[in-house]
Each structure stands twice: as C-alpha cells, then as structure tokens.
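Undergrad: Here is how the chains run, residue by residue.
Protein chains: 2
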Amino acid sequence: MSPLEKIDLAEKLARFDERWSPRIVAELNGQDVKLAKLEGSFVWHSHVDEDELFLVLQGKLTIELRDGRVELGAGQMLVVPRGVEHRPVAEGEVHVLLFEPAGTVNTGSVRNERTIDDPQRI
Amino acid sequence: MSPLEKIDLAEKLARFDERWSPRIVAELNGQDVKLAKLEGSFVWHSHVDEDELFLVLQGKLTIELRDGRVELGAGQMLVVPRGVEHRPVAEGEVHVLLFEPAGTVNTGSVRNERTIDDPQRI
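As given, the protein sequences belong to chains A and B, one line each in that order.
1 is the number of the first residue of the first sequence in the working numbering; add one for each residue after it.
1 is the number of the first residue of the second sequence in the working numbering; add one for each residue after it.
Just so you know, these hints were derived from the structure itself, not from any lab.
Some hints could be false.
DSSO-like mimics (lysine-lysine), calculated; alpha carbons at most 30 Å apart, straight line [to be verified]: (1) K6(B) - K6(A); (2) K6(B) - K60(A); (3) K12(A) - K60(A); (4) K60(B) - K12(A); (5) K12(B) - K60(A); (6) K12(B) - K60(B); (7) K60(A) - K60(B); (8) K12(B) - K6(A); (9) K6(B) - K12(A); (10) K6(B) - K60(B); (11) K6(A) - K60(A).
This structure is a prediction, so every number in the text was calculated from the model and none was measured.
Could you put together the complete structure from these sequences and hints?
TA: Structure (structure tokens):
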C-alpha cells in the first residue's frame with residue numbers, strides 16, 4: 001500500500017461513456033493527463049498556447065490537418081503543436097490518452113456546443 | 001502524409017536495448033515524453049522540482065516508496081510528486097513511458113554511475 005494513487009487506465013475508462021468529453025486522471029507539473037472516448041468527427045480547431053499529445057489506446061484515430069493527415073492506431077501518438085489546426089476523426093469507438101497543459105480547452109479557440117470548460121476529474 | 005511525425009511506441013522501443021537509459025521520443029510544453037527499458041533495481045532518489053509520471057507499457061514494475069510501494073502492470077501509471085523518494089524495481093524486462101519536465105535527470109538529486117545527463121532523442 002502507499003498514499004500515492006495507482007491509476008489504472010482501463011478502470012478509469014470504464015467510469016464514463018460520453019464521447020468527446022475528456023476526463024482528467026492525473027495532474028503534474030502544471031500539465032493534465034486526460035482520457036477520452038471519441039467517435040465520429042470533431043470540430044476543426046487549434047490551441048493558441050498549448051501543444052497537445054494524443055496517444056491512442058484503442059481503435060483507429062485520424063488527425064486531419066490542413067496540409068495532410070496522420071492515422072494512429074493503438075500504441076501510436078502524435079504531438080499537435082500550438083497554432084496548428086486539426087480535426088480528430090474516430091473510426092468507431094476510440095480511446096485516447098491526452099497530455100496537455102492544465103486548463104486546455106478541448107475545442108481550443110473555437111467555442112461551440114462541444115466546448116467543455118471544466119473537465120471532470122475521475 | 002503530414003509534416004507532423006507519428007510516433008510508434010513499439011518501433012521506438014525496438015531501437016534500443018539498454019536498461020535504465022531513457023530516450024526522448026517527444027517534447028511539448030517544456031515537457032519530455034521518454035521511453036525506457038528497465039530491469040532489476042534502480043537507486044533511491046527524488047527530484048527536487050519535478051513530478052514524474054510512470055506509465056507501464058509491458059511487464060511488472062514496483063515503485064518502492066519510503067512508506068510503501070505501488071505495483072504497476074501494463075496500462076497502469078503512477079505520479080511520483082517532486083520531493084518524494086522512490087526506487088523503481090523491475091521484475092524482468094519492463095517497458096515504461098515517462099512524462100516529466102525537460103531536463104529531468106533520471107537519478108534526480110543523486111549522482112552516480114547510472115546518472116544520464118543528456119538523454120538521446122530517438
């Protein structure tokens with residue numbers, strides 16, 4: 001036993017089913033580790049001040065970019081630098097781990113019905 | 001195709017075999033994402049200014065702490081806060097992903113033959 005919390009990704013993923021609604025599972029050095037379930041197409045957006053890392057845990061995720069696309073499977077990741085417009089597209093259900101600065105908003109500088117300002121910590 | 005680099009964790013891990021020698025595979029927001037192969041016991045150490053995340057990709061890793069221990073399998077992670085003494089112990093070969101501030105030294109405030117000041121980027 002220890003006072004530090006072991007974080008089991010599968011157990012955390014089982015706690016929610018909502019798509020495009022990242023949950024915070026760890027915080028360190030001013031950064032958040034988030035888990036999200038994705039399905040279908042998200043919105044085009046960019047983050048002014050935040051680089052964003054996507055690590056696919058399950059499924060196939062395409063990150064569309066204005067000048068190309070990157071297809072990611074389980075065990076593959078991509079860093080989208082600040083300022084780079086991107087649109088995640090999930091073929092079926094996709095589970096991802098995100099690393100990004102605390103306070104990063106999922107839709108970046110775009111605001112719409114998918115914007116989540118205050119993600120839940122689980 | 002895209003100018004952004006897809007990072008395949010298995011492909012990166014296949015590029016080196018050295019134990020206790022983290023490689024940098026991505027950099028974002030002043031943080032490094034590293035991969036390491038661990039086997040056996042490391043040294044007790046702590047990091048003065050850096051929280052450190054261990055995500056186990058393969059194998060069984062025990063993080064010994066002065067007041068307990070945490071056992072991690074694949075898909076499980078732990079954040080060791082700055083200042084907390086810890087000693088990773090790997091049962092057999094273990095593959096881990098580390099997330100920590102750029103410049104974090106593997107042995108923290110301890111310096112010995114296992115200290116690596118300038119990890120390779122792969």
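Undergrad: Determine for every hint whether it applies to the structure shown.
TA: Against the structure, the hints come out as follows:
For the suggested pair K6(B) and K6(A), the alpha carbons sit about 28 Å apart, so the restraint of at most 30 Å is met. The straight-line distance between the Cα atoms of K6(B) and K60(A) is roughly 13 Å, inside the 30 Å bound, and the hint therefore holds. Distance hint between K12(A) and K60(A) is fulfilled; the C-alpha atoms sit about 20 Å from each other, no more than 30 Å. Our distance criterion of 30 Å between C-alpha atoms is met by K60(B) and K12(A), whose separation comes to about 19 Å.
Taking the CA atoms of K12(B) and K60(A), the gap is near 19 Å; set against the 30 Å cutoff, the hint holds. Straight-line distance between C-alpha atoms of K12(B) and K60(B) comes to about 20 Å, which keeps the hinted pair within the 30 Å bound. Proposed proximity of K60(A) and K60(B) is supported: the alpha carbons are some 27 Å apart, at most 30 Å. Under the criterion of a C-alpha separation no larger than 30 Å, the hint pairing K12(B) with K6(A) is consistent with the structure, at around 26 Å.
Among the hinted pairs, K6(B) with K12(A) is consistent with the structure: their alpha-carbon atoms are about 26 Å apart, no more than 30 Å. Restraint check: the Cα-Cα separation between K6(B) and K60(B) comes to about 27 Å, which is no more than 30 Å; the hinted pair holds. Restraint check: the Cα-Cα separation between K6(A) and K60(A) comes to about 27 Å, which is no more than 30 Å; the hinted pair holds.
Comparing the model with each numbered hint stated earlier shows that all of them hold.
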